[in-house]
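Residue numbers (this note's numbering), protein chains in the order written: chain W, 1 to 294; chain C, 1 to 312.
By construction, these hints were calculated from the structure, which means they are not laboratory data. Because the structure is a prediction, the values reported are computed rather than measured. Any given hint could be a false lead.
Label pairs and their in silico Cβ distance ranges [claimed, not checked]: (1) G95/C / S210/W: 33 to 43 Å; (2) D80/W / E115/C: 25 to 35 Å; (3) P2/C / R146/W: 46 to 56 Å.
Here chain C is said to cover these stretches of chain W; the calculated rule only asks that three of the stretch's residues, wherever they fall, bring their Cβ under 8 Å from a Cβ of chain C [what the hints assert, rightly or not]: (4) 8-20; (5) 69-77; (6) 105-114; (7) 168-182; (8) 227-236.
Every residue gets a Cβ at the ideal spot worked out from N, C-alpha and C, and that includes glycine.
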Amino acid sequence: MTSQIEREIDELCAAARRYDARHQRIPDLTWPKGARIAVNFTADFDAMLLRRLLNEPPMQLAKGEFGGRVGIWRLIELFDSHRIKATIFTPGRICELYPQAMRAVARSGHEIADHMWEHHVPKEPALERDHLLKTAAALEAIGGRRPVGTRSSHSLGLLRQEGFLYVSEDAADHLPYYLRDADGANPMLNLPFHYAIDDAMFYSFAWLGSGNAAQRITDPDRVFDLWWAAFWQQYRVGGYLNVVVHPFVSGRALRIDMMDRLISRMKTLPGVWFATCEEVARHCTAHHPVREGV
Amino acid sequence: MPWKQGYTISDEIGLRDEDVRWPDGNRCCVTVTVDLSLARGPEGIRPADLMRPEAYFAAHDGLDGLLAVLRQFGIRATFAVPAVIARLRAERLRGLLADGHEIAGNGLRHEDVSELSMEEEKARLELATSILTDATGQQPAGWFCLPRQEDPFAGGTISPHTIDLLIDGGYEYMGNGLADDVPHYWVTDFASRRALLTLPYYYHFDDQWFLLFPRRGTGLEHADDLFRNWRAEFNAQYKRGRQFNIVLHPGLVGWAHRLQFLEEFLTHVRGFPGVWNPTGAECARYWRTTYPASEYLKPEPSIWRDYPGSLS
């Protein structure tokens, strides 16, 4: 009995240590020109693709379609009006569904990054690679540049092989950090985002299979207060904020208006670095590279 | 894949703010939909749904209170009415028409039609149309596929045949589309550009998701969030010169503090000049004349390719 429990405790500790070892935090992270905080605005432009992948009914697809017809254009206008370069994480298929919108994204100088071929990562390695290459080719054909970042669970080894510089997923730290795969190999910079700073968590009905009793029906004033508090806390300590929006969610007029107020208020403070994910990633990898053998 | 079937229902780019115009130099369009259904879930109205205190309230005190507020502010609404309700309350509907409101369809018993055969759906649509026509003395111009509180999604349900059947049935518009926030064309055939005008709907402006949702007893009351959503969207759409649609259920919004919020919202709207408040049919007719599909519907040819290992 006792030895069984001891063995289980050892296993738990070993699992946690293995997992810890896959993460490397960046100590004393500084931003260019003495900025106090780096802010990434990132848009996941899946429109109706994820709805389609999950076999949701036609009205759900139409809800996503709003993102391609209307929402993405409003986000481009919003970011352009503030002279902010955002990062648009885009499934490859979107280039076939909304080529004009994607060309407008590129014309405005926003970063176009990978968001999987059709919003999932196949399990079979050959097909996974095929999806990543197809997406990179589609994004390059429309944006003129091969993507260097991804928001996906693509394997880090494959991403490194294909020249990717960063991933943007999950929040094991407030600040950018290095992540290794399960074998402890293939370190890759992660630009973390937190689900609480993701519009879909507040506004998108039936998001990620949530049932009716768990619906997300918050108004924009409340989200404004929450996101401002997150920004303010990170501003005070000198940190990082990744604001995740979806064109079909935040492209709605009431939320564009809220984002406009949020950005305007952020801009009243000195030392806020509004950057693309690629800019933040290049800064981190150049000035705070991964430390081997640590 | 023919065009973008299974992905999109309309063309790729919505009408930009600067191209949206309303009659008589008005700046913004505000439409009000009142859902007279009492259905709880996808099966539509069942006897038990009509034998609840809330159902009685919805048909009497709740509706009276809502109508009084609409009258006070001179607001005209489109009532989305399941055929069984039209049969039950024909006299009340004629009173609504006399007050300048519109009566539109909302299912036979506001049931989910997505799994029905085309023949079955067609038969139900024809029956519903004739019941509505008998009750009101005029054929409805509009049809709604509004969601119910116990649906798994908040957008309403529709079958692959619904829009074609509505076109064949002489309907002028479908009342709850989610792909835009102004009227837009729902395309059923790319080659012939066969399409039905669709009016905008968004669940964040529909009272049923905020008021003791998902149900009395365990649901939470978010009347204040609803009110803030209305105000925020109206303000934003007014600035853009577009459209704002709200959906109301007399059994829900007709209660005390909620009616108070509705009055406060309509008082807010009244402070803005140039707000056009048409019924759904008036809005649809204006839109089809001003933005005919022949000129304004511009679906791009599909460049979609099928690949092994990809969705088609």
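Tested hints:
| no. | hint | verdict |
| --- | --- | --- |
| 1 | G95/C / S210/W: 33 to 43 Å | 41 Å, holds |
| 2 | D80/W / E115/C: 25 to 35 Å | 45 Å, violated |
| 3 | P2/C / R146/W: 46 to 56 Å | 32 Å, violated |
| 4 | 8-20 | violated (count 0) |
| 5 | 69-77 | holds (count 3) |
| 6 | 105-114 | violated (count 0) |
| 7 | 168-182 | violated (count 0) |
| 8 | 227-236 | violated (count 0) |
Checked against the numbered hints above, the structure violates hints 2, 3, 4, 6, 7 and 8; every other hint is satisfied.
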